[in-house]
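Colleague: Keeping the supplied structure of chain A fixed, place chain B upon it in accordance with the hints.
Number of protein chains: 2
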Amino acid sequence: MKRVAFVRCFMLSFAAVGATIQPREPGWTGSLLVVPMDGSHWTGVKAVAEEMGRRGHKVTVVIPEVSVLLGPGKHYTTRTFPVPYRKQQLDELQARNVEVMESKQLPLLEKISTRISSMRKFVELQRATAESLLFNQELVDFLRKQDFDAVLTSPAVPTGATLAYNLSLPAVYMLRALPCGLDSTATACPNPPSYIPRFFTHNSDRMSFRQRVLNVLRDVRVAEVLRSGAIWLLRYDFSLEFPKPLMPNMVLIGGINCAVKNPLTKEVEEFVKGSGEHGIVVFSLGSLVSSMPKEKATIFFKAFGMIPQRVLWRYTGEIPDNVPENVKLMKWLPQNDLLGHSKAKAFITHGGTHGIYEGICHGVPMVMLPLFGDQGDNVHRMASRGVGVVLSIHDITAETLVNALNTVINDSSYKQKMEKLSAIHNDRPMQPLELAVYWTEFVMRHKGADHLRPAAHELNWLQYHSLDVIGFLLLIVLIVTLATLKCCTLCWRRCCRKAQKRKED
Amino acid sequence: MKRVAFVRCFMLSFAAVGATIQPREPGWTGSLLVVPMDGSHWTGVKAVAEEMGRRGHKVTVVIPEVSVLLGPGKHYTTRTFPVPYRKQQLDELQARNVEVMESKQLPLLEKISTRISSMRKFVELQRATAESLLFNQELVDFLRKQDFDAVLTSPAVPTGATLAYNLSLPAVYMLRALPCGLDSTATACPNPPSYIPRFFTHNSDRMSFRQRVLNVLRDVRVAEVLRSGAIWLLRYDFSLEFPKPLMPNMVLIGGINCAVKNPLTKEVEEFVKGSGEHGIVVFSLGSLVSSMPKEKATIFFKAFGMIPQRVLWRYTGEIPDNVPENVKLMKWLPQNDLLGHSKAKAFITHGGTHGIYEGICHGVPMVMLPLFGDQGDNVHRMASRGVGVVLSIHDITAETLVNALNTVINDSSYKQKMEKLSAIHNDRPMQPLELAVYWTEFVMRHKGADHLRPAAHELNWLQYHSLDVIGFLLLIVLIVTLATLKCCTLCWRRCCRKAQKRKED
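Going down the list, the protein sequences come from chains A and B.
Each residue of the first sequence is one higher than the one before, starting from 1 at the first, in the UniProt record's numbering.
Each residue of the second sequence is one higher than the one before, starting from 1 at the first, in the UniProt record's numbering.
I should point out that these hints are in silico values taken from the structure, not numbers from a laboratory.
Intra- or inter-copy, both count: the list cannot distinguish identical chains.
Subject to a maximum C-alpha distance of 27 angstroms in a straight line, what follows is the list of computed BS3-like cross-link-like pairs (lysine-lysine):
{"id": "1", "residue 1": "K121", "residue 2": "K111"}
{"id": "2", "residue 1": "K486", "residue 2": "K498"}
{"id": "3", "residue 1": "K328", "residue 2": "K294"}
{"id": "4", "residue 1": "K447", "residue 2": "K415"}
{"id": "5", "residue 1": "K302", "residue 2": "K343"}
{"id": "6", "residue 1": "K420", "residue 2": "K447"}
Bound conformation, chain A alone (with noise of 0.2 angstroms):
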């Protein structure tokens, strides 16, 4: 009788079973603060900020009146502050990201020297741009008055995440990683080094013995300051990433950029149309990289020269005379519509988050140049995953570049792994950009996400580990082992000593 009663009542309820719960007040809106990063890190925070907008949340960017990038929306207001670079500055510093390419012909030291002094001119131009914004009193008092709901960010420079702090809002982060396993360390997330590979290592996570050491040996960890990150929208998922834990406040965006999916314009339309069978290359190093030294713009066109693929090509260098006709020259390519459309045959790129994402959406194979950054480990595991050749752009001949991208295009193999990748990153049971503004909301409406906040920020390393309870319960098996000891012997002398008298009388 219960039993049937209870399946009576369980067929019953699935008539009903549409009817979710709505969590979310309908019509509910807040304000939200925007703190950006200039460069590649804009992509995926623009596009939360403008879904933001659209959804009827009022939402302030605040950037520099100066900037590579950052700029103006259609669903965001933004509110800008002085700092005391030019844009030709920032120009100059951009100018030298193409040294990159040429820097093996450079004597070892002059190499050094040149990195040293542009990541110290990097660095300056933060700390100035940071202290423009959290010195500038006025600007502070009025972003202060507007009473937001929480801030949107990205931690690299923790400018975001110490205005959020100042102002006693909860923060959201969105990032790729942090190096040195900064961002394991903020949020308390276990980071073993036997099985999830360093950045900057290389490394995939089926490592050798050699490989384990040196992934040990990066295992730096410092600062504490960004602990207090309510969400981190984490710009990977596992179809590139190897698996590894993640804490509750973490989400995956990783994708995040290729959603948003445009007509391309007719001019470029027709000339994709026109490669025919072939198909078309698409060609960037990405955002920060627009040109290159003319010996090695040579070598790429002398190599388009000898594919039957048409290329589409980011590139603001200086042009030749000889540019070969199934190479077209863009200031800017759509470069996500180029990689959705069907004739797409092969991407070269740097390996950035982004591109990567973008090809590995859209199932492109990819010939990658890893220029710095993140971008030598992103182009690794892809590698590793058989969807794409690596090539050096120190060594690179027009020979080489052909040879890969005939491999990619026409070895079948790697077309199918890509397909197979791509579908297992598509077949997420939420997009990305509609996770991103949820989790953002999220914390708007709670104010912070403290329930997702491991008890683990509070405990100190030797806590944390039990070394305290370990050397407690060592400690135990030691007086207990002596005190058996000391029975023994005890026991063992008044023994001998009985016999002895025993022999004695």
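Modeller: Coordinates of chain B only, in the frame set by chain A:
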């Protein structure tokens, strides 16, 4: 120019932001094998089986001919197998659950022997069920021929997991947790005992040194059978659970049973409405305990006679003459629907996961009477959040029960905290049933979820903790130190000798 182009590109792009990627082939269906466990585990598994069937998948549920709750459904077919026990034996075993309520009055030795004998009977029964399925060659052959895409099962008894392994099918597990940290071991999920409380310790995530010692001692690790699971559907979320690391193949579906709502029958609805401003109290001790010893029941009847609320009680025991007018006894309680009613003021529960999440979902404060299993830990989590009061079924009196009910109903802090908890629990990007169905389909589509499987599974204990690497590095340090010391000693001796010689000269 570049920047303007970029900004324009981006602004344009948002016109089409609605057009997200469609990852699933429309109309795709597959076939799913379900191997459930009897008891409360069935609730969640059945919900997914029904919903999968409703969506057009071929769902086959394999159940023993005799069971407590398992049975047919609207959207799936069942396949039964004979077992060497009868319904009567199951009922007897179930009746033993009631004995827990009086076990305090028994002498200690008898109490322990009763528990062991119950446990042994339970294990024997599970073994008999497992063998009846796994050694039923005809049935196994039949299932093999069905060409299923995946298996959905409760891994608490690994019958389904073993069957999946035998049939070489990817498995989706649904569970609350496994004892002895087995779930963490089988998923290679970090599980530091410093802040993650072990089951049956009643610890929270903030532990004193004494509690942490207990926690470490509970940290037994056994068996590797379950490592092959593709997806782990976990029946919890962080509104109740303390935040801790997750692995990529873990999907949180706590509260999967709350979404299914139905109108009350007319009779029940009238009884509920008739409660006026005082509202109702919902009382159930779960699917396995519907009765109680007479002297306990008397306490409850007495207490209910002293409160102004109306009480709906799932009770199949002996009915006394003087049942108070405000009490309605029912053989089966539409628990979730009653808790979802606006008149629900309090929930008296044993603290099973399903009931707890239904209470959280609908924001009803609780009086909790844990009986066995994970119930003690569940109620402790609730009490630590200030949303309920824990009583012991052994010491309970009419007065303590009335006091507890008055506290959770009239002290507004309980209701307020419960509503906050409820808001957080219900504020999720996707409802748990949707999520469970999505990932079950994912495993069917991709024949597993290998991209979510961490490389940690392939490491031994020494490697996982990098102890080999640390040993190697220590060895190097030792060698370098010894070599340096040796050099210094040699130099020192030579110097001394020279000085001696000079003196002698």
